[in-house]
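Read off the chains here:
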Amino acid sequence: MVKINGELTEAAGKTVEEYLSSAGYDKKRVAVELNGDILPKCAYADTVLKDGDSAEVVSFVGGG
Amino acid sequence: MNNDDKLILGGHEFESRFILGSGKYSLRLIEAAVQHAGAQIITLAVRRANTKEQESILDHIPQGVTLLPNTSGARTAQEAVRIARLARELGCGDFVKIEIMKDSKYLLPDNAETVKATEILAKEGFVVMPYMYPDLYTARDLVNAGAAAVMPLASPIGSNKGLATKDFIQILIDEIDLPIIVDAGIGRPSQACEAMEMGAAAVMANTALATAGDLPTMANAFRQAIEAGRSAYLAGLGRVITRGASASDPLTGFLRD
Chain Y
1 MVKINGELTE AAGKTVEEYL SSAGYDKKRV AVELNGDILP KCAYADTVLK DGDSAEVVSF
61 VGGG
Chain X
1001 MNNDDKLILG GHEFESRFIL GSGKYSLRLI EAAVQHAGAQ IITLAVRRAN TKEQESILDH
1061 IPQGVTLLPN TSGARTAQEA VRIARLAREL GCGDFVKIEI MKDSKYLLPD NAETVKATEI
1121 LAKEGFVVMP YMYPDLYTAR DLVNAGAAAV MPLASPIGSN KGLATKDFIQ ILIDEIDLPI
1181 IVDAGIGRPS QACEAMEMGA AAVMANTALA TAGDLPTMAN AFRQAIEAGR SAYLAGLGRV
1241 ITRGASASDP LTGFLRD
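These protein sequences, in sequence, are chains Y and X. Under the numbering used here, the first residue of the first sequence carries the number 1, and numbering increases by one thereafter. Under the numbering used here, the first residue of the second sequence carries the number 1001, and numbering increases by one thereafter.
Just so you know, these hints were derived from the structure itself, not from any lab. Hints should not be assumed to be uniformly reliable.
Unchecked claim - Derived DMTMM-like pairs (lysine to aspartate or glutamate); straight-line CA-CA distance at most 20 Å:
hint	chain 1	residue 1	chain 2	residue 2
1	Y	27	X	1059
2	Y	27	X	1089
3	Y	14	Y	37
4	Y	28	X	1089
5	Y	28	Y	10
6	Y	28	Y	46
7	Y	28	X	1094
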């Protein structure tokens, strides 16, 4: 299982790119942190999610 | 107004001294708010992405407006640093407003953690704008940590109570050689104007607009107030006499002997 945005998901074995598109994220509008480090966009296609990984997928919202 | 009067943040020049928040109102009002405010900087927050909400706030912000992501949600320097790095990875520049709060009742910033985060992020090349409780020693630490500005609160976030910390903000304006940007709690144009008359470099407002009856009109009112306050500051305010009076008319009496 991979923890993504706090929830356990069956994403192990997928690349980050595959996961983002299957889950419906707009790749251009998100940033990804994997196990505490920023994952550059250019690494999405080659980075495979593993059991025990923890990721944050974030975007901008309104705020002060 | 003097055309050379620019707000300079991390080497970037701005003519507008009104920093606009984008929270707590419809995305559809953002463009009108920016235009009526004449704002060149707008704040944003970073949150876990939502796949259901396909609309991005970025589609509503006019081109050329500088984005100032905040680190709201951070409770420690380390969390603020993570949020700032994610914000930069979103590809919209190097500006960051540090916001670190442990207290959810009063939403007061943690000055010590804010100094730590400023130091780390300034070294990483961010234009760091820390939100802080107005304290002279903290402000000096922020200068040494590499901040591009200091953003003292006027009163608690979202309260619209105005310049509760006025005297302490004045100390920062007088003693700190960085732009002092009054953030949080400014509720009325007259309060924004007063902050600018005191010598603040800029004012940030969000809730004052989001809770106004007519947001674009209030944005315009704030813009005018901030410009008026800046002009008054540059002109130099007239003096106050504490006792008695000073006639505005010639003192020569007439119509009687």
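The hints, checked one at a time:
1. Y:27 with X:1059: OK: residue 27 of chain Y and residue 1059 of chain X at ~15 Å, within 20 Å.
2. Y:27 with X:1089: 12 Å, holds
3. Y:14 with Y:37: With Cα atoms ~19 Å apart, residue 14 of chain Y and residue 37 of chain Y stay inside 20 Å; holds.
4. Y:28 with X:1089: Holds. Residue 28 of chain Y to residue 1089 of chain X sits at ~11 Å (cutoff 20 Å).
5. Y:28 with Y:10: With Cα atoms ~23 Å apart, residue 28 of chain Y and residue 10 of chain Y exceed 20 Å; violated.
6. Y:28 with Y:46: Holds, because 17 Å separates the two Cα atoms, which is no more than 20 Å.
7. Y:28 with X:1094: 18 Å, holds
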